[in-house]
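Visitor: Chains as they are written, first to last, in this note's numbering: chain A, 264 to 559; chain B, 277 to 603.
Mixed in with the good hints, there may be bad ones.
Claimed, not checked - Calculated from the model, a selection of chain A residues having no Cβ within reach of chain B, i.e. all distances over 12 Å: (1) 334; (2) 419; (3) 427; (4) 436; (5) 439.
Said to hold, decoys possible - The calculated DSS-like cross-link candidates involving lysine-lysine, where the alpha carbons are at most 27 Å apart (straight line), are: (6) B:405 - A:453; (7) B:405 - A:546; (8) A:490 - A:400; (9) A:546 - B:311.
FYI, nobody ran anything at the bench for these hints, they're computed from the structure. Every value quoted in this text rests on a predicted model; they were computed, and no experiment measured them. Just so you know, even glycine gets a beta-carbon here, dropped at the ideal spot from N, CA and C.
Below are the chains, spelled out letter by letter.
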Amino acid sequence: MAKNKIKIGPAERAFDIFNVIFMLLLCIIMIYPFYYVVIASVSEPAKLMAFDGVLLAPAGFSWGAYSAVLGNPRIWTGYSNTIFYVVVGTVFNIFMTVLCAYGLSRKGLMFTRLVTVMVVFTMYFSGGLVPSFLVVKGLGLYNSRLALIIPGAISTFNMIIMRTAFAGVPDSLEESARLEGASHLQILWKIMIPVTMPTIAVLILYYGVGHWNSWFSAAIYLRDGSKYPLQLYLRQILIENQIGDMSQTSASDDQALLAETIKYATIIVATVPILVLYPFLQKYFVKGVMVGSLKG
Amino acid sequence: MSASTSTNGGNTGGSSPRATRDTSFKARAIRDIKKNYEIYLILLPIVAFYIIFSYVPMGGVAIAFQDWRPGRAMFGAGARWVGLKHFKDFFGSYYFLRVLRNTVTISVSSLVFGFPAPIILALMLNELKNKYFARGVQTLVYLPHFVSMVVLCGIIRLFVRDTGVVTQILGFFGFPAQNMLQNASLFVPIYVISGIWSGVGWGSIIYLAALTGVDQQLYEAAEIDGAGKWKQTIHITLPCIIPTIIIQFIMRTGQILSVGQEKIILLYNETIYETSDVISSFVYRKGLLENNWSYSTAVGLFNSIINFALVTVVNKISSMLSETSLW
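Can you build the whole structure from these sequences, using the hints too?
Guide: Structure (structure tokens):
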């Protein structure tokens with residue numbers, strides 16, 4: 264910022280110190296909930312319940328909650344289903360989004376404007392929950408894994424980001440390929456996609472995290488527990504208090520108390536993949552916000 | 277698309293004055309489609325997707341004007357039309373004012389407290405001298421954004437119950453031990469504060485981006501003129517990011533009546549419906565849990581129309597006031 268350091272007065276110095284302290288407090292506020300969940304998950308249930316005040320270290324120590332969570336088949340079913348939805352769903356998202364964005368980024372066509380209006384209008388108006396539900400049901404997708412993949416195939420917002428990226432590719436690249444007789448699909452595959460790969464990577468992350476965290480469509484479209492994504496099992500455990508089969512002998516007090524720490528351990532087990540990947544992917548996510556803000 | 281083409285081009289030979297060449301709309305359309313058939317083939321599944329999953333449901337709002345139930349026809353002879361019955365039911369019911377009031381309260385509180393927060397954070401992050409420290413803080417404050425809604429609400433529930441850590445900390449200040457989510461008057465603060473916690477860092481990115489675009493020479497010139505940091509912030513930094521702030525504000529006010537149902541459903545319970553039930557959660561409960569299909573669709577349609585009108589009006593106002601508009 265300011266090159267000359269002579270001008271820093273006492274008021275500014277005070278502000279700088281205040282600012283650093285404020286930021287440190289903010290970091291504590293952001294981190295403490297995560298930290299609390301971690302230490303609560305490895306605490307002894309009885310000691311955790313008896314503790315009063317701000318917990319700074321585990322109250323006692325026990326892996327009991329983790330062995331209960333990791334021994335629960337529902338968690339593993341949820342995990343594998345979620346991985347399926349993330350992988351297959353994101354591939355389909357990118358396929359449809361790229362097709363749509365490429366088509367709409369081409370200039371000089373009579374009907375792309377009409378299609379653009381039709382697509383963008385859906386960002387501002389929708390038929391609502393019940394009519395959409397009835398359409399999905401009417402297509403025979405109720406209680407089908409496809410209900411979590413097909414209806415949300417294109418996020419119009421993401422598609423606009425992609426279209427902006429395609430529109431920014433220099434025309435000369437495409438023209439030389441066309442002179443050599445390349446078809447649109449070849450141009451898309453061999454030129455446009457490689458050139459816009461940074462944007463596509465951002466969209467892969469957005470769609471991927473979206474699938475990982477999504478639970479509402481699963482809640483309304485799926486009936487069989489065998490198809491539930493992890494988030495839906497999390498809802499059962501965290502929100503609806505269905506610890507159920509995890510604490511086997513409900514008679515004993517220890518098991519009832521274990522239900523407390525099981526919730527914390529479940530949160531950790533479900534969030535660790537995101538937390539582990541996050542530091543490496545952060546800059547791509549941030550870049551996505553920048554790209555999106557250019558043409559909101 | 278092609279249907280409208282052929283009807284429009286029905287009067288062959290009628291040349292439009294604006295056409296550069298003496299050809300009808302139909303002829304030009306056919307030539308265009310022949311020349312660009314590949315692009316139209318690429319767009320075909322896209323158009324089908326939007327028709328099926330966006331426009332067919334828009335047609336499906338017809339059931340808002342019927343007594344529809346599964347197995348009954350939506351159109352044609354079997355449909356049982358009832359006009360505005362469900363709308364009258366809703367507007368006349370005790371629920372109308374409750375869900376409307378809650379929706380407005382929640383989104384206005386989120387706007388008043390949640391909107392300035394990321395701007396202030398961005399300004400303060402921008403003032404940090406040590407850029408490594410700044411980057412470290414940024415990494416931490418973005419993090420809650422990636423926590424799933426179910427986990428976020430799970431954590432909230434654990435923290436604000438009678439033995440929860442937040443309740444206990446508040447206890448030091450004389451706050452009574454209670455399950456805070458059973459207390460109707462605490463729902464909005466819990467919703468808004470947790471929203472700021474999870475969203476403030478992520479929301480600041482867009483302002484930080486705007487701040488990096490501010491011309492550094494302006495600061496140097498101001499410094500020579502003897503302007504302190506505070507004056508520089510007021511007279512240089514803020515004016516430079518005002519367009520971004522306006523755009524963000526427009527988008528937020530356009531959504532003032534669209535509080536999403538996901539977080540509400542995960543946090544509320546029957547004892548606090550009085551302050552927590554919003555339009556979208558009401559639509560969800562009536563439609564998918566209680567199977568009042570038509571009534572729920574009517575309420576949802578009411579909400580969609582209001583939202584659409586709001587976005588349009590807000591956008592109009594902003595394009596009148598300044599160059600910044602959404603479309």
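Visitor: Are the hints correct? Go through all of them and say.
Guide: Hints, one by one, checked against the model:
no. : hint          : in the structure
1   : 334           : 20 Å, holds
2   : 419           : 9 Å, violated
3   : 427           : 14 Å, holds
4   : 436           : 17 Å, holds
5   : 439           : 18 Å, holds
6   : B:405 - A:453 : 45 Å, violated
7   : B:405 - A:546 : 21 Å, holds
8   : A:490 - A:400 : 16 Å, holds
9   : A:546 - B:311 : 42 Å, violated
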